[in-house]
Amino acid sequence: GAVVSQHPSWVICKSGTSVKIECRSLDFQATTMFWYRQFPKQSLMLMATSNEGSKATYEQGVEKDKFLINHASLTLSTLTVTSAHPEDSSFYICSARQAGARGNTIYFGEGSWLTVV
Amino acid sequence: GQQLNQSPQSMFIQEGEDVSMNCTSSSIFNTWLWYKQDPGEGPVLLIALYKAGELTSNGRLTAQFGITRKDSFLNISASIPSDVGIYFCAGQSPGNQFYFGTGTSLTVIP
Chain H
63 GAVVSQHPSW
73 VICKSGTSVK
83 IECRSLDFQA
93 TTMFWYRQFP
103 KQSLMLMATS
113 NEGSKATYEQ
123 GVEKDKFLIN
133 HASLTLSTLT
143 VTSAHPEDSS
153 FYICSARQAG
163 ARGNTIYFGE
173 GSWLTVV
Chain D
-15 GQQLNQSPQS
-5 MFIQEGEDVS
5 MNCTSSSIFN
15 TWLWYKQDPG
25 EGPVLLIALY
35 KAGELTSNGR
45 LTAQFGITRK
55 DSFLNISASI
65 PSDVGIYFCA
75 GQSPGNQFYF
85 GTGTSLTVIP
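Protein chains in written order, with my numbering: chain H, 63 to 179; chain D, -15 to 94.
Warning: the hint list may mix true and false statements.
To be verified - Footprint (simulated), chain H over chain D, 3 or more residues, beta carbon under 8 angstroms: (1) 5 to 11; (2) 14 to 20; (3) 23 to 31; (4) 81 to 90.
No lab work stands behind these hints: they were computed from the structure.
Don't be surprised by glycine CBs; every beta carbon is placed ideally from N, CA and C.
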């Protein structure tokens, strides 16, 4: 199947600093990518939909100024957690939508663990 | 975003037993996708379904797109310890929105 890669896999940062997580579709072009947050033993929580060349669409309750999303190319979306605080520590996952002959499929990245100390 | 009704929420089974889980929606979908997520990793696509009534297998896994287009099920036959994990369904609406199930946590007892 298609491959979506996230980087870094894990990151530790100091409170107040910003952290950038990259999501790349390695073998297909993705006009739409998605960013999720997942707490232990819980389902994926959609944060925002990233659209290539336009502004991201954020889910209700997600601060767009804190979680900056940029989708500058068809293969790369980035999530920047600005002024990170310990409560932002979480597992962040991206996914990319691939358009196929039969329909759309979503492929997920490996996830990125963020720890804010 | 909206979440699909997925059941059961968790399952504890003996190795070798078959497993069945399903997702239901109040509205129709054009696509159903099933994923497995291991702890600390991203979900991995297991099976994709694009047509009502479609039945697709992937090894010991079989999934079906419900004829009403409002449900889908996933079966795992002869479970083994490595089947342990969380299984998610996802459905795409006619408006191209994707919605996810709440997940089924599977534990296989050797």
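Against the structure, the hints come out as follows:
| no. | hint | verdict |
| --- | --- | --- |
| 1 | 5 to 11 | violated (count 0) |
| 2 | 14 to 20 | holds (count 4) |
| 3 | 23 to 31 | holds (count 6) |
| 4 | 81 to 90 | holds (count 6) |
Going through the hint list in order, the structure does not satisfy hint 1, though it satisfies all others.
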